[in-house]
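Visitor: Okay, here's what each chain looks like letter by letter:
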Amino acid sequence: MKCESPPLVTANSTPSIARFENVGLRYGLGPEVLQDVSFKLDPGSFHFLVGPSGAGKSSLLKLLYLAHRPTRGLVHLFGRDISTTPRDELPALRRSIGVVFQDYRLLDHLSTFDNVALPLRVAGIREPDIKRHVRELLAWVGLEKHMEARPPTLSGGQAQRVSIARAVIARPRLLLADEPTGNVDDRMGFRLMHLLEELNKLGTTVVVATHNVSMVKQLGHPVLKLDGGCLTVSPGANAGRQAMEAGGRA
Amino acid sequence: MFSRRTDLPLDKDPLSRFLPWLIAFMVFLAALAQAGLIGLDGMARRWDSGLAAMMTVQIPSDEDGGADEDARRLQRVLNLLSETPGVRHVEVVGQDKVLDLLRPWLGDLESADVPLPRLINVETEPNADVDARVLQQKISRTAPGAQVDDHAVWLARLIDMVRTLEALAGVVLLLILMALAGTVVFTTRTGLTVHHGAIEVLHLTGAHDSYIAKQFAGRAGLMGLKGGAIGLLLAAPTLLGLGQMAGRLEAGMLPGMALPLVGWLSLLVLPAATSVTASLTARITVMRNLRRMI
Numbered sequence: 333m334k335c336e337s338p339p340l341v342t343a344n345s346t347p348s349i350a351r352f353e354n355v356g357l358r359y360g361l362g363p364e365v366l367q368d369v370s371f372k373l374d375p376g377s378f379h380f381l382v383g384p385s386g387a388g389k390s391s392l393l394k395l396l397y398l399a400h401r402p403t404r405g406l407v408h409l410f411g412r413d414i415s416t417t418p419r420d421e422l423p424a425l426r427r428s429i430g431v432v433f434q435d436y437r438l439l440d441h442l443s444t445f446d447n448v449a450l451p452l453r454v455a456g457i458r459e460p461d462i463k464r465h466v467r468e469l470l471a472w473v474g475l476e477k478h479m480e481a482r483p484p485t486l487s488g489g490q491a492q493r494v495s496i497a498r499a500v501i502a503r504p505r506l507l508l509a510d511e512p513t514g515n516v517d518d519r520m521g522f523r524l525m526h527l528l529e530e531l532n533k534l535g536t537t538v539v540v541a542t543h544n545v546s547m548v549k550q551l552g553h554p555v556l557k558l559d560g561g562c563l564t565v566s567p568g569a570n571a572g573r574q575a576m577e578a579g580g581r582a
Numbered sequence: 008m009f010s011r012r013t014d015l016p017l018d019k020d021p022l023s024r025f026l027p028w029l030i031a032f033m034v035f036l037a038a039l040a041q042a043g044l045i046g047l048d049g050m051a052r053r054w055d056s057g058l059a060a061m062m063t064v065q066i067p068s069d070e071d072g073g074a075d076e077d078a079r080r081l082q083r084v085l086n087l088l089s090e091t092p093g094v095r096h097v098e099v100v101g102q103d104k105v106l107d108l109l110r111p112w113l114g115d116l117e118s119a120d121v122p123l124p125r126l127i128n129v130e131t132e133p134n135a136d137v138d139a140r141v142l143q144q145k146i147s148r149t150a151p152g153a154q155v156d157d158h159a160v161w162l163a164r165l166i167d168m169v170r171t172l173e174a175l176a177g178v179v180l181l182l183i184l185m186a187l188a189g190t191v192v193f194t195t196r197t198g199l200t201v202h203h204g205a206i207e208v209l210h211l212t213g214a215h216d217s218y219i220a221k222q223f224a225g226r227a228g229l230m231g232l233k234g235g236a237i238g239l240l241l242a243a244p245t246l247l248g249l250g251q252m253a254g255r256l257e258a259g260m261l262p263g264m265a266l267p268l269v270g271w272l273s274l275l276v277l278p279a280a281t282s283v284t285a286s287l288t289a290r291i292t293v294m295r296n297l298r299r300m301i
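So the protein lines, in turn, are chains A and B.
Numbered according to our numbering, the first sequence spans residues 333 to 582.
Numbered according to our numbering, the second sequence spans residues 8 to 301.
Capping the alpha-carbon separation at 30 Å, the derived lysine-lysine pairs in DSS-like fashion look like this:
no., chain 1, residue 1, chain 2, residue 2
1, A, 557, A, 372
2, A, 477, B, 19
3, B, 221, B, 19
4, A, 372, A, 533
5, A, 533, A, 477
6, A, 549, A, 372
7, A, 533, A, 549
8, A, 463, B, 19
9, A, 463, B, 221
To be clear, the hints were calculated from the coordinates, so they are not data collected in a lab.
Chain A extracted, bound-state conformation (with noise of 0.2 Å):
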């Protein structure tokens, strides 16, 4: 089956922060979870990425924070055509993009402290800024009280609050969360979702992976919606509003 993806928009002259074009992705010799995929991501955007279970949200993330390269077709990140950019190159890429995983991804081995530190110690920061940092930022995600804590020793929230602290810690310019609130209650679901509408008014660029039907609808934001490995987006109610807020910081 082939996609009937709408034709992708570049007379906007602003800069984007991921712009696909006809991108495919498959693994090894399967079929493409990914097909001719095109979309474009404008700076201070806020994205929901929707889409019943296995038609490629996490692929199509996965691109987005370069753990993958696509079979074919172009993904342009910050500016950067990635097939053509050599691997050394990378993580200075991946340096701007904050990702906050499903499954929070957070090392077991090191307090909460240490996780959120993890981006700004790879970047080589120098350890005072370190401290100052990841405490204003651990304060502000209601976790000061648990800076030495393990990590399995946290609730879902906790978790998934210390690993957007860890996303964002960096000031990214790129954040990619997926299914964020998936762990959580909807009480906690909301207030994650608030936090990363902070962070877009910011600057950041979103993109939130999500299941949650009525989050898309309340909060309003653009939708980019994939089925079977084909990508639609729709303009969400904030649409308008996005775009005159992302004007305005431009």
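Assemble the complex: chain A is given as a structure, and chain B must be docked to it using the hints.
Guide: What follows is chain B alone, placed relative to chain A:
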């Protein structure tokens, strides 16, 4: 040199707990091989420089002439030797010592029981080219039946054997080094598999391969240093014991077999060398393996 803080729980790996002991065992063997190499090299050099400058003149007893004739023949040979250019020192071996040398074969003897030859140790100048065959001809004219032995054939064979043993010790040392590197490669690869998830997280947060490799290299270097120190501590008493046993074997012709000070000092380098080898091997292994990831 080695950072204590690591993002990967490498010190929790079961294999890395055994690694220092594996390395200790290898360093123990390496220390024995290296000590053997140094000891044998020293022995060959001392033989080469010591015995090459030595000759032995043997004057058989003249049964018809009696003791007086033996003494005259001895004196004539001594005179000849003292006039020979390149001869630094001559020493007549006492009859008691000759009897001592014969005792293992002939049992307790008195000098009157058998006609004992007279032996003269001749020391030549280190760089003098004293031709044993020419000297033999001259001495034969002065004391018929006298023999000059410059130990050349025996010495050459002995040195050949020692050099072969040296090469063998070198090969053993090389094999131990390869085994060490192989062990570190295996342990590092296992670590990469065990910590694949954490490594992926580090990658995705923007870590360069070298950042991850540094953690493995630091850990391997520390294990190498620890194992090297343990191995050396175990090898030291063994070598001291072997040195004492070798000391008891020393005879007049055998040079000292104890490990010289420089040998002991060179053994101290082993833990550091082990640490550097382990660290570099781990780093190369990680860099090569991570290259397969995007």
